[in-house]
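Residue numbers (this note's numbering), protein chains in the order written: chain A, 589 to 794; chain B, 589 to 794; chain C, 589 to 794; chain D, 589 to 794.
Wrong hints could be hidden among the right ones.
Copies of the same chain look alike in the list, so a pair counts if it fits in one copy or across any two.
Stated by the list, open to error - Under the rule of at most 20 Å between Cα atoms (straight-line distance), these lysine to aspartate or glutamate pairs were calculated in the EDC-like manner:
#1 LYS618 x ASP699
#2 LYS671 x GLU599
#3 LYS618 x GLU630
#4 LYS671 x GLU743
Everything labelled a hint here was simulated from the structure, so no lab data went into it. Please read these numbers as outputs of a predicted model, since none were measured by experiment.
Protein chains: 4
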Amino acid sequence: MPDKNPLARLEAYSDGIFAIASTLLVLEIKVPAVAPDAPLGELWRRLADLWPSYLAFVLSFGSILVMWVNHHNSLRILQRTSKPFLYANGLLLLTITFIPFPTAVLARYIDTRFAGVATASYAGYAVFTNFAYWIWAATMRGPVYLVRPDVPRAELTALERRTWAGVPAYLVTGIVAWWLPSVGLGLLVALWGFWIMLSVGSTVET
Amino acid sequence: MPDKNPLARLEAYSDGIFAIASTLLVLEIKVPAVAPDAPLGELWRRLADLWPSYLAFVLSFGSILVMWVNHHNSLRILQRTSKPFLYANGLLLLTITFIPFPTAVLARYIDTRFAGVATASYAGYAVFTNFAYWIWAATMRGPVYLVRPDVPRAELTALERRTWAGVPAYLVTGIVAWWLPSVGLGLLVALWGFWIMLSVGSTVET
Amino acid sequence: MPDKNPLARLEAYSDGIFAIASTLLVLEIKVPAVAPDAPLGELWRRLADLWPSYLAFVLSFGSILVMWVNHHNSLRILQRTSKPFLYANGLLLLTITFIPFPTAVLARYIDTRFAGVATASYAGYAVFTNFAYWIWAATMRGPVYLVRPDVPRAELTALERRTWAGVPAYLVTGIVAWWLPSVGLGLLVALWGFWIMLSVGSTVET
Amino acid sequence: MPDKNPLARLEAYSDGIFAIASTLLVLEIKVPAVAPDAPLGELWRRLADLWPSYLAFVLSFGSILVMWVNHHNSLRILQRTSKPFLYANGLLLLTITFIPFPTAVLARYIDTRFAGVATASYAGYAVFTNFAYWIWAATMRGPVYLVRPDVPRAELTALERRTWAGVPAYLVTGIVAWWLPSVGLGLLVALWGFWIMLSVGSTVET
Numbered sequence: 589m590p591d592k593n594p595l596a597r598l599e600a601y602s603d604g605i606f607a608i609a610s611t612l613l614v615l616e617i618k619v620p621a622v623a624p625d626a627p628l629g630e631l632w633r634r635l636a637d638l639w640p641s642y643l644a645f646v647l648s649f650g651s652i653l654v655m656w657v658n659h660h661n662s663l664r665i666l667q668r669t670s671k672p673f674l675y676a677n678g679l680l681l682l683t684i685t686f687i688p689f690p691t692a693v694l695a696r697y698i699d700t701r702f703a704g705v706a707t708a709s710y711a712g713y714a715v716f717t718n719f720a721y722w723i724w725a726a727t728m729r730g731p732v733y734l735v736r737p738d739v740p741r742a743e744l745t746a747l748e749r750r751t752w753a754g755v756p757a758y759l760v761t762g763i764v765a766w767w768l769p770s771v772g773l774g775l776l777v778a779l780w781g782f783w784i785m786l787s788v789g790s791t792v793e794t
Numbered sequence: 589m590p591d592k593n594p595l596a597r598l599e600a601y602s603d604g605i606f607a608i609a610s611t612l613l614v615l616e617i618k619v620p621a622v623a624p625d626a627p628l629g630e631l632w633r634r635l636a637d638l639w640p641s642y643l644a645f646v647l648s649f650g651s652i653l654v655m656w657v658n659h660h661n662s663l664r665i666l667q668r669t670s671k672p673f674l675y676a677n678g679l680l681l682l683t684i685t686f687i688p689f690p691t692a693v694l695a696r697y698i699d700t701r702f703a704g705v706a707t708a709s710y711a712g713y714a715v716f717t718n719f720a721y722w723i724w725a726a727t728m729r730g731p732v733y734l735v736r737p738d739v740p741r742a743e744l745t746a747l748e749r750r751t752w753a754g755v756p757a758y759l760v761t762g763i764v765a766w767w768l769p770s771v772g773l774g775l776l777v778a779l780w781g782f783w784i785m786l787s788v789g790s791t792v793e794t
Numbered sequence: 589m590p591d592k593n594p595l596a597r598l599e600a601y602s603d604g605i606f607a608i609a610s611t612l613l614v615l616e617i618k619v620p621a622v623a624p625d626a627p628l629g630e631l632w633r634r635l636a637d638l639w640p641s642y643l644a645f646v647l648s649f650g651s652i653l654v655m656w657v658n659h660h661n662s663l664r665i666l667q668r669t670s671k672p673f674l675y676a677n678g679l680l681l682l683t684i685t686f687i688p689f690p691t692a693v694l695a696r697y698i699d700t701r702f703a704g705v706a707t708a709s710y711a712g713y714a715v716f717t718n719f720a721y722w723i724w725a726a727t728m729r730g731p732v733y734l735v736r737p738d739v740p741r742a743e744l745t746a747l748e749r750r751t752w753a754g755v756p757a758y759l760v761t762g763i764v765a766w767w768l769p770s771v772g773l774g775l776l777v778a779l780w781g782f783w784i785m786l787s788v789g790s791t792v793e794t
Numbered sequence: 589m590p591d592k593n594p595l596a597r598l599e600a601y602s603d604g605i606f607a608i609a610s611t612l613l614v615l616e617i618k619v620p621a622v623a624p625d626a627p628l629g630e631l632w633r634r635l636a637d638l639w640p641s642y643l644a645f646v647l648s649f650g651s652i653l654v655m656w657v658n659h660h661n662s663l664r665i666l667q668r669t670s671k672p673f674l675y676a677n678g679l680l681l682l683t684i685t686f687i688p689f690p691t692a693v694l695a696r697y698i699d700t701r702f703a704g705v706a707t708a709s710y711a712g713y714a715v716f717t718n719f720a721y722w723i724w725a726a727t728m729r730g731p732v733y734l735v736r737p738d739v740p741r742a743e744l745t746a747l748e749r750r751t752w753a754g755v756p757a758y759l760v761t762g763i764v765a766w767w768l769p770s771v772g773l774g775l776l777v778a779l780w781g782f783w784i785m786l787s788v789g790s791t792v793e794t
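With these hints in hand, go ahead and build the complete structure from the sequences.
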């Protein structure tokens with residue numbers, strides 16, 4: 589049963605999940621309560637005090653965005669789907685859907701004594717996400733080969749290597765973060781910049 | 589009034605609902621509160637204590653994913669829609685939209701004395717979902733026959749039988765779960781694996 | 589600047605809003621709290637006590653579904669858009685987006701002394717929704733005529749009359765509901781059934 | 589690797605975010621609590637007392653709608669994407685996703701002593717949004733020129749000037765709002781009307 593575009597609904601469902609997971613992040617940021625007789629500047633101060641929430645929001649939104657750009661570019665080299673690929677895509681989406689939770693934990697505890705645990709758990713969760721991403725890329729190669737015939741094998745290998753790199757990178761980040769939370773946080777931001785650069789590559793064209 | 593693709597908006601609306609219902613599940617998982625002077629390991633422990641929420645999240649996300657894959661594959665054998673089918677699809681989406689609620693009940697009570705009630709109500713709700721799914725499949729056959737002429741009747745019959753099997757399976761699971769919650773939970777997971785295998789079938793191609 | 593399908597993104601944006609407004613309704617239903625030493629049946633009782641929430645959920649989901657079916661069918665007679673139509677569509681979507689709020693008010697107060705106020709405000713809000721729907725249909729006719737040339741004028745007139753009927757119908761329902769809440773609620777359900785029948789019309793085909 | 593429509597998924601992801609950000613706004617409006625023995629009119633009064641929430645909801649929904657109409661119309665002059673444009677679009681979506689938060693702050697404090705701070709922070713946030721919008725428009729021109737060859741350069745220049753105007757306009761509004769909150773609020777509404785008129789322009793056709 590041939591189809592005009594066998595990837596269209598997969599894209600629609602995935603785009604929906606990417607979009608919603610990004611958007612739900614804002615629900616974790618609560619309006620600060622100020623005493624009615626507090627000085628006016630108090631509301632500014634309370635809004636500024638929410639910086640961990642803003643930081644976590646930007647970090648997670650940015651991570652989901654990079655993953656969306658990669659997902660978007662990767663699907664373009666495919667010509668078909670398989671059932672293992674549909675389920676691997678589902679697993680990837682599951683891990684993305686869950687991101688608001690470690691983000692909320694990070695935002696809640698980043699400026700407390702528990703910063704190490706919070707940052708390590710965030711990085712630990714990223715290990716899991718990257719593992720799902722790697723499985724997803726692997727099901728492009730087998731059991732059914734999904735890639736368009738005009739795409740060189742080297743491109744697929746490069747994609748798989750890129751997804752593989754994430755697992756050890758976030759594992760190390762998690763261990764560092766446990767002892768030195770702010771270094772771990774810096775590594776998270778640096779890795780994010782690294783993925784962006786990697787996805788932009790040597791060309792700015794898509 | 590002919591249309592290029594009469595199913596396109598039905599798919600878009602359905603994909604939106606499937607995607608959002610999956611994603612809202614995470615909002616039910618709340619960041620644990622830890623006393624400021626608690627030992628550092630306390631946050632890990634509290635995060636681990638949330639296992640019923642994680643389990644319920646994965647179970648429901650997985651169920652919605654399987655239903656999405658089936659919905660996706662079923663729509664591909666159709667060539668048109670009818671108003672009864674639009675409303676039957678609406679009823680199916682209603683039942684899917686509601687899934688975050690029984691999921692939250694399951695997560696809240698699975699490790700309490702009320703585990704039996706929570707698991708039974710989750711399975712009971714699945715009876716309802718599967719019933720809606722069966723009605724949905726039935727409206728493909730009548731009052732207007734929606735299936736493409738090149739699709740063998742046997743394929744539609746197989747689809748209907750599959751949707752029909754869900755109702756008694758979850759009914760039994762619900763009754764068992766009422767007395768033996770962990771057996772019921774095991775059955776829920778087993779049924780989920782069974783639907784995945786059934787949807788993959790003898791071929792990994794879509 | 590011609591476009592392949594000038595309505596495609598309007599549909600995507602509208603479908604997104606319809607889908608999300610339907611799905612957010614479930615977030616208003618909270619998991620009941622049960623005392624740890626309560627009899628097991630207590631959780632069943634508490635789940636059953638949430639009937640106003642279930643009823644409001646089904647009523648609002650159903651209303652949004654009927655509006656989606658009508659929106660879907662109405663767009664099919666158009667061949668283009670205009671800026672007034674884009675903004676009228678925006679106003680319609682605004683009213684649909686807001687539906688979770690009167691729904692939550694209805695669910696919260698339907699079984700209290702305030703049932704009359706809650707039902708009347710729900711019906712009153714439906715007046716507003718139907719008014720937006722009527723404006724939306726009016727901008728199909730002017731200032732730019734958007735309907736395909738092969739569609740008879742009578743069909744557009746019938747559509748406008750149908751949207752116009754909603755305003756007085758919900759106005760009367762609101763006034764009745766203020767004095768007799770359960771009659772008002774019955775009228776809401778009856779009107780919903782009426783719109784479904786009207787949209788199905790004399791044919792089950794789309 | 590050519591693509592049939594290189595903008596299709598960008599539109600789908602963007603439409604998803606616009607739609608969800610609009611819809612989440614309603615979650616910030618909470619059902620008022622009324623004492624069980626209060627006079628019946630009390631519920632009406634409490635519903636009326638929520639006017640700041642309704643106002644903020646309409647203001648933000650309207651702003652997102654205008655941005656969506658502009659986004660929609662701007663994408664129509666493009667023939668391709670570039671990676672900088674994908675990330676600039678991501679930044680724009682990030683700012684839109686965040687809108688429910690300043691909206692909730694505005695709704696919470698508009699009728700308190702803190703009205704100036706709340707309105708100023710809302711306008712200040714709009715400065716940021718408009719800045720992202722301007723970057724977005726700039727990446728249409730470079731480093732890769734994305735506009736269709738048949739679109740006159742003047743049209744792109746007009747688009748950029750329009751996006752540029754937003755930054756100083758909201759900056760002034762923010763400063764005024766700090767001292768005179770209701771004037772600031774009036775300016776916010778006036779600016780919104782102004783963008784609508786600007787987007788409708790001299791023609792009602794799209």
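Outcome of the hint check:
no., hint, verdict
1, LYS618 x ASP699, "both (16 Å within a copy, 19 Å between copies)"
2, LYS671 x GLU599, "both (15 Å within a copy, 19 Å between copies)"
3, LYS618 x GLU630, "within (16 Å within a copy, 24 Å between copies)"
4, LYS671 x GLU743, "between (23 Å within a copy, 18 Å between copies)"
The structure meets every hint from the earlier list without exception.
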